[in-house]
Every structure is written in structure tokens, then in C-alpha cells.
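Enquirer: For reference, the chains in residue letters:
4 protein chains.
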Amino acid sequence: MSGNTFGKLFTVTTFGESHGAALGAIVDGCPPGLPLSEENLQRDLDRRRPGSSRHTTQRQEPDQVRILSGVFEGKTTGCSIGLLIENTDQRSKDYSKIKDQFRPAHADYTYHHKYGHRDYRGGGRSSARETAMRVAAGAIAKQFLAAQGVVIRGYMSQLGPIKIDFKTWESVDQNAFFSPDPDKVPELEAYMDQLRRDQDSVGAEITVVAEGVPVGLGEPVFDRLDAELAHGLMSINAVKGIEIGAGFASVAQRGSEHRDEMSPDGFLSNHAGGVLGGISSGQPITARLALKPTSSITTPGRSIDVYGEPIEIVTKGRHDPCVGIRATPIAEAMMAITLVDHWLRHRGQNADVSVTTPRLGQC
Amino acid sequence: MSGNTFGKLFTVTTFGESHGAALGAIVDGCPPGLPLSEENLQRDLDRRRPGSSRHTTQRQEPDQVRILSGVFEGKTTGCSIGLLIENTDQRSKDYSKIKDQFRPAHADYTYHHKYGHRDYRGGGRSSARETAMRVAAGAIAKQFLAAQGVVIRGYMSQLGPIKIDFKTWESVDQNAFFSPDPDKVPELEAYMDQLRRDQDSVGAEITVVAEGVPVGLGEPVFDRLDAELAHGLMSINAVKGIEIGAGFASVAQRGSEHRDEMSPDGFLSNHAGGVLGGISSGQPITARLALKPTSSITTPGRSIDVYGEPIEIVTKGRHDPCVGIRATPIAEAMMAITLVDHWLRHRGQNADVSVTTPRLGQC
Amino acid sequence: MSGNTFGKLFTVTTFGESHGAALGAIVDGCPPGLPLSEENLQRDLDRRRPGSSRHTTQRQEPDQVRILSGVFEGKTTGCSIGLLIENTDQRSKDYSKIKDQFRPAHADYTYHHKYGHRDYRGGGRSSARETAMRVAAGAIAKQFLAAQGVVIRGYMSQLGPIKIDFKTWESVDQNAFFSPDPDKVPELEAYMDQLRRDQDSVGAEITVVAEGVPVGLGEPVFDRLDAELAHGLMSINAVKGIEIGAGFASVAQRGSEHRDEMSPDGFLSNHAGGVLGGISSGQPITARLALKPTSSITTPGRSIDVYGEPIEIVTKGRHDPCVGIRATPIAEAMMAITLVDHWLRHRGQNADVSVTTPRLGQC
Amino acid sequence: MSGNTFGKLFTVTTFGESHGAALGAIVDGCPPGLPLSEENLQRDLDRRRPGSSRHTTQRQEPDQVRILSGVFEGKTTGCSIGLLIENTDQRSKDYSKIKDQFRPAHADYTYHHKYGHRDYRGGGRSSARETAMRVAAGAIAKQFLAAQGVVIRGYMSQLGPIKIDFKTWESVDQNAFFSPDPDKVPELEAYMDQLRRDQDSVGAEITVVAEGVPVGLGEPVFDRLDAELAHGLMSINAVKGIEIGAGFASVAQRGSEHRDEMSPDGFLSNHAGGVLGGISSGQPITARLALKPTSSITTPGRSIDVYGEPIEIVTKGRHDPCVGIRATPIAEAMMAITLVDHWLRHRGQNADVSVTTPRLGQC
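Protein chains in written order, with our numbering: chain A, 1 to 363; chain B, 1 to 363; chain C, 1 to 363; chain D, 1 to 363.
FYI, nobody ran anything at the bench for these hints, they're computed from the structure. All C-beta atoms, glycine included, are put in the ideal place defined by N, C-alpha and C. Wrong hints could be hidden among the right ones.
[Claimed, not checked] Cβ pair distances, simulated, as ranges:
| no. | chain 1 | residue 1 | chain 2 | residue 2 | range |
| --- | --- | --- | --- | --- | --- |
| 1 | A | Asp46 | C | Arg196 | 48 to 58 Å |
| 2 | A | Asp100 | B | Gly361 | 15 to 25 Å |
| 3 | D | Ala146 | C | Gln199 | 42 to 52 Å |
| 4 | C | Gly149 | A | Glu309 | 49 to 59 Å |
| 5 | B | Ala146 | C | Asp265 | 41 to 51 Å |
| 6 | C | Pro35 | D | Asp173 | 58 to 68 Å |
| 7 | C | Pro182 | A | Asp100 | 46 to 56 Å |
| 8 | B | Pro264 | C | Ala146 | 35 to 45 Å |
[Said to hold, decoys possible] Straight line, CA to CA, 27 Å or less: simulated BS3-like cross-link-like pairs of lysine-lysine:
| no. | chain 1 | residue 1 | chain 2 | residue 2 |
| --- | --- | --- | --- | --- |
| 9 | A | Lys97 | C | Lys75 |
| 10 | C | Lys99 | A | Lys75 |
| 11 | B | Lys163 | A | Lys163 |
| 12 | D | Lys99 | B | Lys75 |
| 13 | C | Lys99 | A | Lys99 |
| 14 | D | Lys75 | B | Lys97 |
| 15 | C | Lys97 | A | Lys75 |
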């Protein structure tokens with residue numbers, strides 16, 4: 001597979017640059033008979049949309065998605081689904097000075113060397129703009145999973161140095177940060193306002209949880225469910241780390257402490273994060289992503305140009321001071337896409353399996 | 001692709017259970033003309049081998065690998081390479097009591113529900129035994145990369161609560177822990193001896209580094225190099241977390257601090273860990289893996305059996321009190337396999353690209 | 001991979017139904033730096049376009065393609081290329097009676113049973129309309145191959161019972177049949193006119209040739225070049241047979257007669273059709289496709305409806321009396337796409353191979 | 001995927017050269033719980049085995065297959081299945097003169113140019129010896145299909161110029177030719193004896209039929225079932241043509257004649273060959289393969305050597321005067337493998353589809 005396709009049975013292929021004519025995706029392998037409409041997709045796109053608060057980029061994109069195929073009389077047909085979002089608010093003149101420059105910590109340098117010829121406007125294909133299509137495709141995946149009783153939700157668990165503990169799911173969609181603790185929001189806002197004054201940026205940590213996942217998803221040994229989740233989540237721009245369950249805390253844990261014991265009433269803990277031996281256990285699947293701070297900051301930085309000469313870069317344009325603020329819907333989307341792919345792969349190979357052992361409830 | 005194949009152009013497919021007749025692999029897509037012998041593979045297999053110190057499982061497996069095809073007169077032919085390791089020291093009687101029991105934190109429960117019918121002896125396919133084939137296949141990948149000037153080496157950077165700072169590469173292969181600091185070894189040994197007396201286990205953190213990687217490897221947007229590395233590394237048994245470069249430390253970093261500035265003499269830092277925009281930058285690629293503590297400990301634990309009844313489990317048999325101790329060669333292997341796959345994919349698509357911009361040296 | 005993607009390194013993914021909003025494709029893995037414009041694609045689309053002669057369907061579709069990404073300042077960037085063609089002339093009312101009926105020899109029955117819910121208008125996804133995207137994507141492939149000196153051309157070698165011998169390439173694009181013999185055209189026209197009066201249809205045979213292909217393309221044993229060509233060509237609607245080189249004539253040939261001997265001046269014959277051991281030999285690659293007669297004819301036929309009741313079907317609407325008449329550009333496209341995919345795969349794995357043995361010229 | 005893997009969900013990966021140490025395969029994605037033993041595989045291997053009649057190569061290979069993993073207590077576990085056949089009767093001294101020569105119509109020339117370094121003994125990887133693994137893997141596929149009521153059988157429908165009409169299935173395994181007409185056998189034997197005296201070879205046509213296939217298998221538009229069958233069948237050594245159903249006869253057929261009408265009692269004909277719109281219709285799937293005459297004949301032929309110098313080649317060694325004679329089990333195997341892959345892919349995506357329309361019986 002080429003790099004712009006994700007999945008084996010349920011596949012998502014995308015295209016589109018930051019300043020190109022449009023963004024698009026083809027979702028293939030979606031089971032037929034699933035109710036689907038543009039509204040289903042628009043909901044998650046609106047959660048991700050730039051320009052929706054003063055804390056995110058001021059580029060105004062309506063991000064209106066069209067479904068061009070694969071849906072008939074309100075339900076999927078099982079044929080490939082074409083999605084399209086026309087770009088409307090690209091300001092190309094912001095980038096003309098940058099065509100011969102490599103912005104530090106951006107993909108300019110690597111794209112230049114890999115491809116030789118790159119669309120330098122706004123990061124081209126390397127821009128986070130392409131994640132809009134992941135969210136649109138992920139909404140289709142979420143729709144299928146919801147019909148199976150699987151719910152995927154995420155939240156921001158850390159903004160820069162500020163840890164955010166989980167309080168309620170309801171809070172998450174009621175503030176611009178996807179914070180699960182409403183009481184933290186003023187502190188987060190104050191921090192962001194200062195960041196903007198400092199002309200700097202900071203990283204974030206997102207936690208995403210899938211509940212209601214049945215036991216059995218995942219394809220050992222290489223396509224273990226956690227490995228594929230790591231793949232999908234780390235493919236998101238700016239992600240530098242992934243944890244499942246106890247994650248890096250597992251390093252110092254004793255086996256007697258880490259292991260999730262079982263009883264007829266269910267698992268007694270969930271350090272595994274819902275994945276055992278690379279296969280879902282029925283417990284909530286919890287993953288955490290570490291996002292690096294945005295590289296597009298107005299503080300000058302040292303770099304070189306395409307001739308190898310030293311230059312100083314000041315990134316202008318409209319940028320997110322913290323990309324993590326809009327990452328939650330993207331992480332949910334990638335988790336959803338991965339889970340649907342594995343749902344179909346699992347039932348494809350194992351549809352005849354029938355066991356009498358009762359499935360354990362969650363802890 | 002099925003779950004037992006990794007890679008797109010350079011692929012590794014494996015088979016083999018802990019107590020089966022043999023383990024095997026097919027490596028496909030290896031460039032022709034590469035000098036290759038069983039000795040090349042055996043070297044890394046011996047680094048991984050169980051029974052080589054008192055700190056690892058006492059199962060004695062010679063792990064002698066045979067090359068059955070794809071090599072002629074000492075060089076690869078470009079055709080598929082078959083590898084085989086016969087199992088010799090499986091003690092099946094150790095596991096007969098366990099056929100109807102689910103050992104907590106093992107894959108027994110999930111395999112049972114996914115497949116309905118499982119080889120329960122020693123963990124069957126879920127056992128870390130299969131990683132022997134990854135190491136053998138990875139040795140082929142390392143051979144190719146070495147010819148291109150790429151070196152991949154790993155070490156243990158943390159054992160349970162004990163952090164191990166990097167001192168020298170030479171130390172790494174001179175102790176049973178793959179510790180890069182020889183002075184830490186007595187402390188590690190003492191810790192392990194106590195762990196064994198406690199009948200418990202602990203996790204570990206492995207760091208693996210690839211140097212000499214040219215700029216340009218990686219296939220955005222989904223097959224970003226870091227995403228694929230995360231996939232390959234997290235597919236290793238017991239891995240619960242992956243970091244690239246600054247990893248989770250990126251969360252609290254400012255953009256002005258995290259970004260790796262550039263000068264004509266090279267990059268000025270490497271928080272990115274050698275991957276920018278999902279493409280290798282030419283800097284050393286650094287990844288860290290968090291391994292959970294082994295689930296096979298002799299301390300009794302609560303669980304259920306296949307009828308859903310509560311039971312108490314005591315895991316007997318010969319097990320690693322810290323699987324991390326043998327994980328270094330496996331992590332190196334997965335990184336090597338991923339890099340070769342991307343080497344071939346990159347030159348397949350971009351062989352005609354030629355840029356005059358000088359490549360930056362490492363920091 | 002899902003069924004709507006073709007290729008491994010150079011991939012084409014398509015969507016779009018006969019009466020949907022639009023058709024689209026994503027071409028991924030195209031090497032960067034290739035000059036590309038909408039005109040390059042439109043040329044081949046116009047050759048395929050319906051409504052361009054009285055011998056093809058009277059549906060008028062301008063088939064104007066847009067390139068939405070992956071091209072910057074007139075050259076490809078190496079990123080995924082999005083293509084879009086808006087449908088404009090679908091007449092849905094022609095099909096409303098057919099929603100509960102299965103037209104014999106159409107995909108209605110099989111789509112109904114496979115998916116349960118189908119877009120019945122004009123054949124939905126099973127309609128030959130989707131081949132417009134193959135032609136558009138194939139034009140990109142042809143562009144790359146032309147830059148390498150590879151030319152792909154096809155022609156009609158048989159219309160119903162009328163065999164057409166090859167005379168010149170120039171004739172092919174000068175008549176509506178893609179006939180390589182201008183003198184045959186009146187006979188073909190007369191035959192077609194009678195066919196229309198008979199309210200019937202007939203099959204056709206297309207020959208497609210690739211010249212200038214270097215030795216070495218193809219990936220034994222399963223992805224032999226001829227096997228992949230067969231796959232791509234037989235995936236075209238209505239194809240029931242494929243031949244490479246001598247094809248079915250090989251059955252009765254002696255080995256002494258079939259084998260293509262070699263001399264320093266080149267091959268002495270080409271019964272192999274340019275593929276030896278599944279790898280291109282440098283000789284022209286010749287393939288022939290057998291296309292069945294169109295199933296959409298106005299002559300009544302017996303069938304059943306979705307309730308299993310017997311019915312009589314008369315297919316109305318605007319249809320090709322011989323789908324073969326427009327198949328030539330589609331066959332060229334599939335051959336081009338397959339060859340580019342193998343070009344990239346071959347150089348990906350074998351870029352370092354260098355042999356001194358001279359390459360043989362063509363016979 | 002690399003060229004030595006076939007399939008998407010149910011995959012077969014093989015290795016092994018004619019004169020290498022062993023042949024092997026890994027079958028992945030086999031549903032669990034399927035009874036499987038080495039006897040199941042040996043049966044079909046024995047049908048294919050060289051040295052079993054005077055009409056085939058005189059190389060004596062027992063072709064004893066071992067199952068090394070993926071089967072426990074007589075049933076598959078769902079994990080990857082490793083298969084191994086040790087080569088025992090390779091006579092390498094027969095080929096030493098040929099290392100610098102290209103035998104006409106063999107893959108020597110193309111392998112040399114593709115890979116630069118080849119195993120020249122007995123054709124290396126290009127030899128038909130590798131098909132033993134396809135037959136072994138295909139036996140697993142057949143086992144699964146048989147449990148679903150699908151039967152795959154093939155026969156020789158033409159030997160050189162001699163057409164063989166189908167009489168009974170029972171005859172097929174009672175003669176060395178897989179002839180479905182016992183009365184033809186003396187004529188075939190006489191023809192072959194003369195061929196041997198002429199030091200020549202001839203081609204053959206094989207027909208393979210799958211019965212009991214349910215409606216719904218196949219993944220339009222590119223992985224149409226017939227396209228994938230064509231891929232699998234044409235990947236077999238020496239195949240130059242593929243037909244499905246009416247095949248090339250469709251060219252001259254009228255639509256009114258070709259179309260298979262339907263009635264409540266079933267289809268009224270089967271020109272489609274069991275595939276409609278790329279999806280199985282429930283009718284028998286019939287495919288025909290054209291095999292070219294063996295290139296290894298003792299009649300001298302003109303060729304060149306690795307220096308480009310003209311030479312005369314006389315192929316010694318032990319060869320099949322008609323490779324078609326052993327092709328039937330290989331064609332059955334490839335059809336079985338393709339059908340299982342599609343069985344799993346279909347139920348993976350469409351397991352929830354339920355239609356009330358009755359399925360049609362066969363004609």
C-alpha cells in the first residue's frame with residue numbers, strides 16, 4: 001500500500017494539500033446498509049474546525065463535506081464512498097517568501113529532499129489540514145461502531161505543564177479545549193493567552209477511550225490491535241509518543257501489580273488498557289498521545305535555505321499555538337478507523353467461532 | 001495483509017508456536033547481491049537466546065537457524081528467503097494443567113475468545129518465542145543497511161525503577177542486560193536476584209537508535225516513518241508505550257525549545273528524534289519502548305477458567321522475570337526491517353529525484 | 001486491500017456510480033517532478049467518452065476531469081493526486097421501474113445478494129461509467145511511461161465475427177472503432193447498424209501493446225507481470241478472457257515452434273508476448289481481451305424480480321450495443337497502471353543491480 | 001505486498017528453488033477449528049508429484065510435506081501455518097554447464113537482468129517445482145471450502161491438438177493425464193510417446209470448475225472474482241491465456257445468446273461462467289487455462305550467453321514433455337486459495353447482510 005491509504009479491509013485513502021483546490025477521501029469496505037448522511041460527518045468536522053475559538057488558528061474554513069458516492073437512499077451500499085471538502089480560505093500570499101526556506105521543525109526540509117519538488121504553501125501535504133479528511137472518514141467508522149455499541153471519546157489530559165484529570169464526558173464538548181474538567185478551563189485559557197503573548201507554543205497530551213469493544217479484535221503477531229492503534233495515532237501530525245493502558249508507568253511496575261486479575265464478575269483492573277496479547281479483551285481501550293508544540297511560531301529561529309545558506313525564520317500566517325487543542329477528534333477518528341478495520345478482519349476470519357466461556361465485564 | 005506479515009516491499013512473514021515443531025519466516029523483497037550467511041543471522045539470535053544467563057528463562061534452545069532458499073553462492077538472489085529454527089527444548093508437560101485456565105495478563109483469555117481453539121502450551125503463538133524469527137529476519141535487514149552505512153543499536157535505558165544512562169556502545173554487549181553503563185550492572189543483578197526471591201517481575205525501557213539513515217525515508221501521511229516504527233515496535237510482546245525523540249517530554253516543551261534549528265553545519269538539536277513530518281531527516285532516529293512486567297510469575301493470582309469459574313493461578317515453568325532483558329535485539333530487528341522496507345519504497349518512487357541542496361550533518 | 005484499489009506502490013483507488021454525484025480517483029505513489037496537467041488526462045477521456053458517435057451510447061457526458069491535489073506549478077509533487085469528474089447527464093427516471101428487477105447478465109442479482117442494498121440506477125457501481133476514472137488515472141501512468149520511452153497503444157482486433165488485422169497505428173484514432181485497418185470501417189459500420197435494428201449486441205476483442213518496456217518488470221511468483229496484467233485487464237467490465245502472446249494458440253504449438261530463440265541481434269520471435277518467467281523481456285508486451293456482448297439490449301428476456309417471481313425484462317435507456325468499441329482506452333489505461341506499479345517495485349528492490357550482459361533488441 | 005504472497009485475508013507466501021534445500025509456505029488467515037492433517041495435503045501433492053508416470057519428468061521427489069505450526073490436536077488454531085517440503089532428488093551436476101547460458105523461452109535471461117545474481121540450477125525459483133507449495137496450501141483451502149459445500153475439480157480439456165470432451169469426474173483421477181474421458185487415454189499416450197521421440201513438447205488446456213460457491217464472492221471493481229482468478233491462474237508457470245465461462249467465444253456471441261436468463265427454478269444457462277459483475281452468482285465457476293509447451297526440450301535451439309555471444313542450446317536433464325499434464329492440481333489449488341480469500345473478505349464486510357430474495361439454483 002502507498003502511504004496515503006490506511007487499513008486492510010476498511011480502508012481510508014486521502015488527498016489534499018493545505019492550499020490546494022480541495023481535500024478528499026475514499027472510504028472503501030464500509031459494510032452496506034449503514035445509515036449515513038453528510039450531517040453525521042459534519043458534526044465531527046465542526047468539532048475539529050479551525051477558527052472556532054480564539055485559541056486556534058484564525059483561518060476560517062467552513063469544512064463542508066460532500067458525500068459523492070457509496071450512499072443511496074440514506075444508507076451505505078458497500079461500494080466505495082467518495083468524500084470531498086473544497087478549500088475556500090487559503091491565503092497563498094502568506095507563504096511566497098518561504099518557497100526557498102526551510103522552517104525549522106517543519107517538514108519543509110524532509111519533503112524537499114524526498115520529493116525534490118514540493119508545494120510549499122502552508123506546508124502543502126504535510127499540513128494538519130489533511131486531518132479534516134481523517135475526521136470525515138472516522139465519522140463513518142464511528143457510525144458503524146455506534147450501531148455495534150462501541151463508543152469512542154477523547155479528551156485533553158494535559159496542556160503543556162498543566163495536568164487535567166478526568167471529571168465528566170459532558171464537559172469535554174462544552175469548552176474549546178476538550179477538557180474533561182470544566183474547572184480547569186480558566187487556567188487553560190490564561191495559559192494560552194500568555195503563550196500567544198510570548199509568541200510561542202506548547203505541546204499537549206490527548207487521551208482517547210473506546211468502550212464496548214468486544215473481545216477478539218486484533219491480528220497477531222504484527223497487526224496486534226495496539227500496534228495498529230499506535231500506527232494510526234502516531235501518523236497524526238505532531239505526535240511523538242503513544243501509550244496503551246499503563247504505558248510507560250509499566251516500566252517500574254511489578255508483575256503482581258500490573259497484571260489485571262479476573263473474576264466471574266469481570267476484570268479487576270485495566271493496566272493493559274483493553275488489549276491483551278494484541279487482542280481486545282472487552283475492557284475499555286485507553287490510549288494516550290503526546291503532541292509536540294507547533295513549529296509555526298513567530299519567535300525567530302535559525303535555519304537554512306535551499307542553497308544551504310544560513311537564514312533567520314519568522315513564521316507568519318495563521319497558526320495554532322497548540323495543535324493539541326484540535327487533536328481530540330482526529331485521535332477519535334483514527335481509533336475508530338482502526339477498530340472498524342479490525343472488526344471486519346476478525347469476523348472475516350473467525351465468524352464461525354463460537355465459545356461458551358462467558359465474556360467478562362469491564363472493571 | 002494478514003497479521004503475520006510486516007512490510008510492503010520488504011516483507012517478513014512468520015510462523016511458529018512456543019511448543020510447536022519449529023519456527024520459521026519468509027523474507028521477501030530483499031535486494032539481490034547481498035552477501036548473506038547463517039552466521040550473519042546466528043550472531044543476533046545468540047544475543048537474544050534464552051538460557052544465556054541466570055537472569056533469563058532457563059529454557060535451553062540452541063536457536064540454530066537454517067537458510068533454506070533465496071541465497072546462492074553466498075549472496076541473495078532477490079527471491080524469497082526461507083528461514084527455519086527447529087524447537088528442541090519444549091517441555092509440554094509443564095502446561096497440561098493450564099489448558100482450561102486463563103492466566104491473568106496473558107493472551108489465553110483473548111486467544112480463546114478470538115479463535116475458539118488454541119494451542120495452550122507455553123502461550124502458543126502468543127509466546128515471545130516467535131520473536132526469534134523477527135531477530136533472524138532483522139539480521140538480514142541489518143546486513144543490507146550496514147552495506148548502506150546505516151547502523152542500528154539498542155540498549156536497556158531503564159530496568160524497573162533503575163534508570164540507566166548511556167555511557168558507551170561497547171558496554172552493551174558485554175553484560176547480560178544490554179546495559180550501556182558497565183557500572184550499573186551489579187545494581188541490576190542485585191535487583192534481579194531480589195525479584196526472583198520475591199517471585200515477581202518488573203518492566204523495562206529499551207532505547208534503540210539508527211544512525212546513518214539518509215534523509216527521505218517514510219511515506220506520509222499514514223505510513224509516516226515514525227508511525228511505522230511505532231507499529232513494528234509495539235507489535236513486540238509486552239510493549240505498552242513508544243516514544244520518538246523527546247516523546248512525552250514534548251508535551252510540556254515550548255515550541256522555541258523543542259524545535260531543532262538548522263545551520264549549514266547541521267541540525268542544532270534532535271528533539272524530533274530523526275523524523276520530521278514523518279520522513280527521516282538524516283539525524284539519528286531514536287525510539288524508546290516501554291515493556292510491561294512479565295505476566296508469568298509464581299506469585300498466585302486470581303483468575304477464571306474456561307467455564308467462567310473462579311480459580312487461583314500459579315504459573316510454573318521457566319520464564320523471564322524481566323522480558324526486557326532480551327528485548328534489545330528484537331527492537332533492533334523491528335527497526336531494521338521497517339527501515340529497509342522504507343528504503344526500498346522510497347527509492348522505488350523517488351529514484352529520479354536529485355536535489356542540489358546539501359544534506360545536513362547530524363548534531 | 002479493498003477491491004477499489006489497484007496496485008502496490010503506484011496505486012489507483014476509485015469511487016463513483018453511474019448516477020451518483022461524481023466519479024473520482026486518488027492516484028498515490030506517482031513519482032514527483034512529472035509534468036502533468038488536466039489536458040494530459042482529458043485527451044484519453046475524450047477517446048473514451050460516450051456520445052461521440054452513433055455507434056455508442058447516446059448519453060452525453062463531457063467527462064471534464066479536475067486535478068485537485070498532488071500537482072504544483074505543473075509538476076507532480078509525489079503526494080496523492082485527487083481526480084474528480086462531475087456527472088451531469090444522468091437520467092434517473094429511466095431506471096425507476098427496474099429497482100425490483102434483475103436484468104439478466106447484469107450485476108443486479110449479484111450486487112443485491114452481496115450487499116443487500118444497491119443503487120439500482122443505471123447499474124450503480126457496476127456500470128462501465130466508473131472506467132472513466134481508470135482512464136484518467138491511466139493517463140498519469142502513460143505520462144510517466146512516455147518519459148521513460150514506453151508507449152502503450154491498443155486497437156480493436158475483432159468485432160463480433162469480423163476479424164480486423166493490424167495495418168497502421170495511425171488509423172486507430174481516426175475512426176470510432178479504434179480499428180487499425182481503415183478499409184474495414186464501412187463493414188464494421190454496416191454490421192453495427194444492423195445490430196441496432198436487431199435490437200441486439202455483440203462482443204469484441206481488443207489488442208493492447210506496450211513497446212519500449214525494459215527487461216526486468218514483474219515480481220514472481222504470484223505477481224508475475226502477466227498475472228498482474230491479467231488481473232487489471234479482466235477487472236474491466238465485460239471481459240471474459242485474456243491472452244498474452246500466443247495465448248490459446250500455445251496449446252497446440254510444439255515447444256520447438258513456440259520458443260523465442262535469441263541471437264545477438266535480438267529475439268527471433270515473440271510468442272511469449274514480451275513476458276518470460278513472469279518478467280518483461282524487453283520485447284513488446286501484447287495482450288488480448290475478449291469482451292462479452294452488452295447485456296443491456298432491448299430484446300425482451302426472461303428473469304426474476306426481488307421476490308423471486310418470473311418477469312420479462314426489456315432494458316430501456318441509452319446503451320452501448322458493443323462495449324468493446326470504447327474499451328481500447330480502458331485497456332491501455334490498465335496496462336499503463338500495472339506497468340508503472342511494477343516499474344517502481346522493480347527499481348525499489350533492484351536499483352543496485354547492474355549487469356554487463358547486453359539487452360536484446362526486439363524482433 | 002511482495003510477489004511471493006497471494007491473497008489479502010487468507011494469504012499464501014512461499015519460498016524455494018528447484019535445487020535449494022527445501023520448499024516452504026506460510027498460510028495465514030485460515031479460520032480456526034478446521035480439521036487438518038498432513039494426509040489432507042499429501043493427497044493433492046501426490047496427484048502433482050513428478051515421476052509418477054512415464055509421461056512426466058523422471059525426477060523422483062517424494063514431496064513429503066510437514067505441518068510445522070498452526071494446527072493443534074488436529075484442528076487449525078487460526079495462527080499462521082508453516083509448511084515444509086525438503087528437496088531430496090536434485091541433481092545439480094546436470095546444470096553446471098548452463099550457468100552462463102540463457103535457455104530460450106526460459107526465465108534465465110529475464111532473471112539475470114532483473115536480479116543480476118541467480119540460482120541457475122534447474123531454473124531456480126522460476127522452476128515449476130515451487131508449485132508444490134501452492135498445491136499444499138491449496139489443499140488447506142480446499143479443506144475449508146469442502147466444509148462449506150464447495151467442490152473444486154479440474155481436468156485436461158486439450159492436449160496439443162487433441163480436444164478432450166468432458167465425460168465423467170471419476171475418470172479424471174484414474175489416468176495420468178487427468179483426462180475426463182477414459183476412451184481418449186490411448187490416443188493421448190501415443191501422442192506423448194511420439195513427442196518424446198521427436199524430442200519436442202506441446203501445450204495443453206486445463207479446465208477447472210468450482211461448484212457450490214454461494215452468491216456474493218468478489219470485490220468490485222478491481223478485485224472482481226474473475227480478475228483475481230485470472231491473476232492466480234496466470235501466475236502458474238507456462239500459462240498464456242485465461243477464459244471464464246464462454247471466454248473468447250463471447251466475442252462473436254450476440255447479447256441475446258450470451259446472456260444467462262433467470263427463472264424461479266434457476267439460471268437457464270451459464271455463459272458467464274459463474275461470475276456476474278465480478279461477483280459469484282451461485283452458478284458453477286468455470287475457468288480454462290492455456291499452457292504453453294515446455295521450453296526444456298532436447299532439440300537444439302539458438303540463444304546467447306551472458307556475454308552476448310551466440311550459442312546453441314541443448315537442454316539436458318529430466319523434464320516434462322508437457323507441463324500441462326501436472327497442472328490440474330495446481331489450477332485447483334489456485335482457484336481454492338482465491339475463493340477462500342474472497343469468502344473471508346465477503347463475510348468480513350457483509351456478514352450482516354440478509355436478503356429475502358431466494359437464491360437461484362444452478363442450471
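Enquirer: It remains to establish, for every hint, whether it holds in the given structure.
Expert: Now the hints, each set against the structure:
1. A:Asp46 - C:Arg196: 48 to 58 Å: For A:Asp46 and C:Arg196 the Cβ distance comes to about 53 Å; the hint holds.
2. A:Asp100 - B:Gly361: 15 to 25 Å: This hint holds: roughly 21 Å between Cβ atoms.
3. D:Ala146 - C:Gln199: 42 to 52 Å: Check passed, 45 Å falls within 42 to 52 Å.
4. C:Gly149 - A:Glu309: 49 to 59 Å: 38 Å, violated
5. B:Ala146 - C:Asp265: 41 to 51 Å: 43 Å, holds
6. C:Pro35 - D:Asp173: 58 to 68 Å: Because 59 Å falls inside the window, the suggested range holds.
7. C:Pro182 - A:Asp100: 46 to 56 Å: 54 Å, holds
8. B:Pro264 - C:Ala146: 35 to 45 Å: Holds, since B:Pro264 and C:Ala146 (Cβ atoms, about 40 Å apart) stay within the stated range.
9. A:Lys97 - C:Lys75: Roughly 20 Å between the alpha carbons, so the hint for A:Lys97 and C:Lys75 holds.
10. C:Lys99 - A:Lys75: 15 Å, holds
11. B:Lys163 - A:Lys163: 24 Å, holds
12. D:Lys99 - B:Lys75: Between D:Lys99 and B:Lys75 the Cα gap is close to 15 Å, so the pair holds against 27 Å.
13. C:Lys99 - A:Lys99: 55 Å, violated
14. D:Lys75 - B:Lys97: The hint holds at about 20 Å.
15. C:Lys97 - A:Lys75: 20 Å, holds
Checked against the numbered hints above, the structure breaks hints 4, 13 and satisfies the rest.
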